[in-house]
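Protein chains: 2
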Amino acid sequence: MNDVVSVDPRTGQTVEVVAQETTTDEVAQLCAAALAAASGLDALGRVGRASLLRSLSAALEARREDIVAIADRETALGPTRLGGELTRTTYQLRLFADVLDEGSYLEAAIDHAGDTPMGPRPDLRRMLVPLGPVAVFGASNFPLAFSVPGGDTASALASGCPVMIKAHGSHPATSRLCFEILDEAGRKAGAPEGTLGLVHGLRAGADLVAQPAIRAVGFTGSVTGGRALLEIIEQRPERVPFFGELSSLNPVVVTPHAANERGTTIGRELIGSVTLGAGQFCTKPGLVLVPAGAAGDSVVDAMAAAVEETAPQVLLNAGIVESFERISARLAQAPEVETLARGAAVDGPGLAVAPLLLTTRAARMPPEVTEECFGPVTVVVRYAGENELFGAIGELPSSLTAAVLRGTGETELPLTISERLRSRAGRLVYDSYPTGVAVSWAQHHGGPWPSTNTQHTSVGTTAIRRFLRPMTWQGAPAELLPAELTDGYAGIPRRIDGALVLP
Amino acid sequence: MNDVVSVDPRTGQTVEVVAQETTTDEVAQLCAAALAAASGLDALGRVGRASLLRSLSAALEARREDIVAIADRETALGPTRLGGELTRTTYQLRLFADVLDEGSYLEAAIDHAGDTPMGPRPDLRRMLVPLGPVAVFGASNFPLAFSVPGGDTASALASGCPVMIKAHGSHPATSRLCFEILDEAGRKAGAPEGTLGLVHGLRAGADLVAQPAIRAVGFTGSVTGGRALLEIIEQRPERVPFFGELSSLNPVVVTPHAANERGTTIGRELIGSVTLGAGQFCTKPGLVLVPAGAAGDSVVDAMAAAVEETAPQVLLNAGIVESFERISARLAQAPEVETLARGAAVDGPGLAVAPLLLTTRAARMPPEVTEECFGPVTVVVRYAGENELFGAIGELPSSLTAAVLRGTGETELPLTISERLRSRAGRLVYDSYPTGVAVSWAQHHGGPWPSTNTQHTSVGTTAIRRFLRPMTWQGAPAELLPAELTDGYAGIPRRIDGALVLP
Chain A
1 MNDVVSVDPR TGQTVEVVAQ ETTTDEVAQL CAAALAAASG LDALGRVGRA
51 SLLRSLSAAL EARREDIVAI ADRETALGPT RLGGELTRTT YQLRLFADVL
101 DEGSYLEAAI DHAGDTPMGP RPDLRRMLVP LGPVAVFGAS NFPLAFSVPG
151 GDTASALASG CPVMIKAHGS HPATSRLCFE ILDEAGRKAG APEGTLGLVH
201 GLRAGADLVA QPAIRAVGFT GSVTGGRALL EIIEQRPERV PFFGELSSLN
251 PVVVTPHAAN ERGTTIGREL IGSVTLGAGQ FCTKPGLVLV PAGAAGDSVV
301 DAMAAAVEET APQVLLNAGI VESFERISAR LAQAPEVETL ARGAAVDGPG
351 LAVAPLLLTT RAARMPPEVT EECFGPVTVV VRYAGENELF GAIGELPSSL
401 TAAVLRGTGE TELPLTISER LRSRAGRLVY DSYPTGVAVS WAQHHGGPWP
451 STNTQHTSVG TTAIRRFLRP MTWQGAPAEL LPAELTDGYA GIPRRIDGAL
501 VLP
Chain B
1 MNDVVSVDPR TGQTVEVVAQ ETTTDEVAQL CAAALAAASG LDALGRVGRA
51 SLLRSLSAAL EARREDIVAI ADRETALGPT RLGGELTRTT YQLRLFADVL
101 DEGSYLEAAI DHAGDTPMGP RPDLRRMLVP LGPVAVFGAS NFPLAFSVPG
151 GDTASALASG CPVMIKAHGS HPATSRLCFE ILDEAGRKAG APEGTLGLVH
201 GLRAGADLVA QPAIRAVGFT GSVTGGRALL EIIEQRPERV PFFGELSSLN
251 PVVVTPHAAN ERGTTIGREL IGSVTLGAGQ FCTKPGLVLV PAGAAGDSVV
301 DAMAAAVEET APQVLLNAGI VESFERISAR LAQAPEVETL ARGAAVDGPG
351 LAVAPLLLTT RAARMPPEVT EECFGPVTVV VRYAGENELF GAIGELPSSL
401 TAAVLRGTGE TELPLTISER LRSRAGRLVY DSYPTGVAVS WAQHHGGPWP
451 STNTQHTSVG TTAIRRFLRP MTWQGAPAEL LPAELTDGYA GIPRRIDGAL
501 VLP
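Going line by line, the protein sequences match chains A and B. Numbering-wise (this note's numbering), the first sequence opens with residue 1 and increments by one. Numbering-wise (this note's numbering), the second sequence opens with residue 1 and increments by one.
The following block holds chain A by itself, in its conformation from the complex (with noise of 0.2 Å):
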């Protein structure tokens, strides 16, 4: 047996023990509790699962000094910016209430019976049932957004699906308060027994990816993290599927007429950016596109001050502390970087570094500055010209966002830079930053390779569509389907014969 600890990342120190890692048994007998509660959850219907969101959304607001004050201890992350992130989840618990109770997340379709150009076609109704039971990996950085509550165990219940959580080694105090809350609020509730479960430890959760009750993953981390799991998953004799958010390099390009216009506030900006949250948002600016000359000279001055003001930055563990420091001095020290600034020098103890600011030119930039440095660090890229901007676009991965900063009411250049983003990002972002990713339902978390292993999103009303799969019945009595298959029903949007139709 293993402890599992609660650390301090303020001071380094080891404040508690937490929890033993869960064992393999412990972790089968959660997934077949797991699976043995999947009919019941479904069995509660849309109308049962968006009242079960609502009471684990004030179940956590009814807790929200002891949550906030426990993460952040864990995290350092301040309460200001916890207390938001709850805000944010118990907000998405009642969205995705909304989600159900709107019902088009079915896709509900009924083809009557009849003749069409290819012959006689049978009656062939179609919607989207769960999964079964999923695995969600809590993140570090979102203790409260991505971890035991928030996006992925929101869209999961929502779904249908029991959820089996991994504790991220980060924050397990906090893993466990929320779980207790949550389990409590769900029973209340009526959530069938075995509806959530919480494992902690590194083996645990690569058990649980093995698990053969498990059907689906939700994982946001790093590649490395994801390959790890995707290579469990291939091993498995029925494959599922893995919706990793894995790396993001969030490129921004300011232009001419933006750097010219408003240049000092652009860097000022862009390093409230790269330093929210101390750099360890997946969304954070890591390479920015800045003009040649004293228009970009300008954005970059104010870049390089903000840096310099900025105090050290606690980081969420001491492996990331770690990453940190060996991936930022592989940028710093890669031909044709500069270092450009560096914050107040780190003094004490705690999990602290200093932020960075580095730069290089378009026409030499190498491939190192387009690996993704979780942290506060960003690479100013400084280009002469469009051809050399282009280039530079070439050579980026993909991203979860892009972002282009205009000149008012400027949009040829802003175009084309579109253009050539958008094969390599989910969201382009346009006169602002990537960081702050609202839960809404056209938003769209995710992308093309790395930043992705799929064309779905793990924020916003979509996310839900990972943990469900399309069923069809075909020539089925009324009293065997779904009722929002039947004919009479019309509580949801439904694709008719062709043609959808509203409640």
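Keep in mind the hints are simulated off the structure, nothing from the lab. Mixed in with the good hints there might be a few duds.
What the hints assert, rightly or not - To be clear about the criterion: a stretch of chain B counts as covered by chain A if any three or more of its residues have a C-beta under 8 Å from a C-beta of chain A, and this derived list gives those stretches:
(1) 114-123
(2) 236-244
(3) 418-432
Claimed, not checked - Just the calculated beta-carbon pair ranges, DEER-fashion:
(4) Asp25/B / Ala363/A: 27 to 33 Å
(5) Ala43/A / Pro212/B: 44 to 50 Å
(6) Arg187/A / Thr224/B: 42 to 48 Å
(7) Gly119/B / Thr11/A: 27 to 33 Å
(8) Glu234/B / Glu180/A: 22 to 28 Å
(9) Val17/B / Val223/A: 45 to 51 Å
(10) Glu371/B / Glu479/A: 42 to 48 Å
(11) Ala329/B / Ala228/A: 37 to 43 Å
These numbers were taken from a predicted model, which means no experiment stands behind them. By construction, the Cβ of each residue, glycine as well, lies at the ideal position given by its N, Cα and C atoms.
Please build the complex by placing chain B on the supplied structure of chain A, with the hints as guidance.
Leaving out everything else, chain B in the frame of chain A:
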């Protein structure tokens, strides 16, 4: 260089050399052309691509006689089946044109900027965009519906993705003719150079999947073939989606009531489904659960008589003959399995085999009988009581389909059976047979591994979703948005601030 030859399966003789296997360099050149075509095909827009699809449909119709004749010579599937298959394909092209006209497939959503319970939200607009060039693998058993023309090609072109097709070695001449017709019609209809490409040979197929320009793969074939292509994808620097339709047992359950009411009819119809297309359908019923006792005997006796009356059936190629003989022998020799009936002995040249009917008991069902065997063979599993029936269902792998044949008005047992089959199938068929997969809005042709490896369909209008990914524009000026996401646009259903709005 290796010859690509066309073989007549009725004689087993080579008829002509169709082409040379495509070299690695040629594959790379074709993929470069496909990549260059991508933005132009996207820019045709929904209207332009709908027109393109209708032109392709008309061009195939105009050459119907030539296409059916050459396909019959290469596959021995007969002019009636092949004429129907071409009708399906040309209808499908027109149906995807309708999908483009209707526009829901874009999943367009607009969230206007505003305050939310989690704080201010920027303007967010989401819709689906094409992935880029797609590789499609022709299937042996559908020379006209899952090959150069067919569901993958139609849905990929509709989505705006150029298509590189790997011709199946069983029908290279049919592939060449269809490609020439589609390529010429496409050019006339304004498709950019490189929109369609054709390659021949196993090595060329592997090269195709490894090409960086290829952004998704559509494959209909064996689990072994699918795994081999997945391994190539896993070694790419950038992983891409693989849509495999792989293996399917398609269990059929005959209830005691159904057997009692119309056992003889069911038995005869079942063998009709088993021997349709010489048993070379991915939806062939490969295992039939029949009650023990007299009523079940009437089903089985009719099946045996129908098998004995069936003439030898010509298979598509020597590889399928070999695997049919090998796997059906393994099934027949498994413990507790008996041979019930065999069709007339094969006499003469060509790739013919005799249909085969096997049987075993649910209480002692050996695992061998749950393996798919392509070709005219099925296994009857006799069950004595519901416990034996449910036990046998619990041993079945996932399939594309599962069918229940009920007594008139019977619902109780069918409901319990359906609940147990649901997690093991993508389509539940009542009082009919799984062969015959209508192309329509509510169709689903997919299911958990090993039937497919994704949550998508390869038949029906939602097949287009495979070749699209979501993209969100944040704070974009109207000039930089796709028309479908601008405020004034009203041509398609859209979700606006959470509410679905019809045109």
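Each hint, compared with the structure:
no.	hint	verdict
1	114-123	holds (count 6)
2	236-244	holds (count 4)
3	418-432	holds (count 12)
4	Asp25/B / Ala363/A: 27 to 33 Å	holds (31 Å)
5	Ala43/A / Pro212/B: 44 to 50 Å	holds (47 Å)
6	Arg187/A / Thr224/B: 42 to 48 Å	holds (46 Å)
7	Gly119/B / Thr11/A: 27 to 33 Å	holds (31 Å)
8	Glu234/B / Glu180/A: 22 to 28 Å	violated (39 Å)
9	Val17/B / Val223/A: 45 to 51 Å	holds (46 Å)
10	Glu371/B / Glu479/A: 42 to 48 Å	violated (34 Å)
11	Ala329/B / Ala228/A: 37 to 43 Å	holds (41 Å)
Violation of the numbered hints given earlier is confined to hints 8 and 10; the remaining hints are satisfied by the structure.
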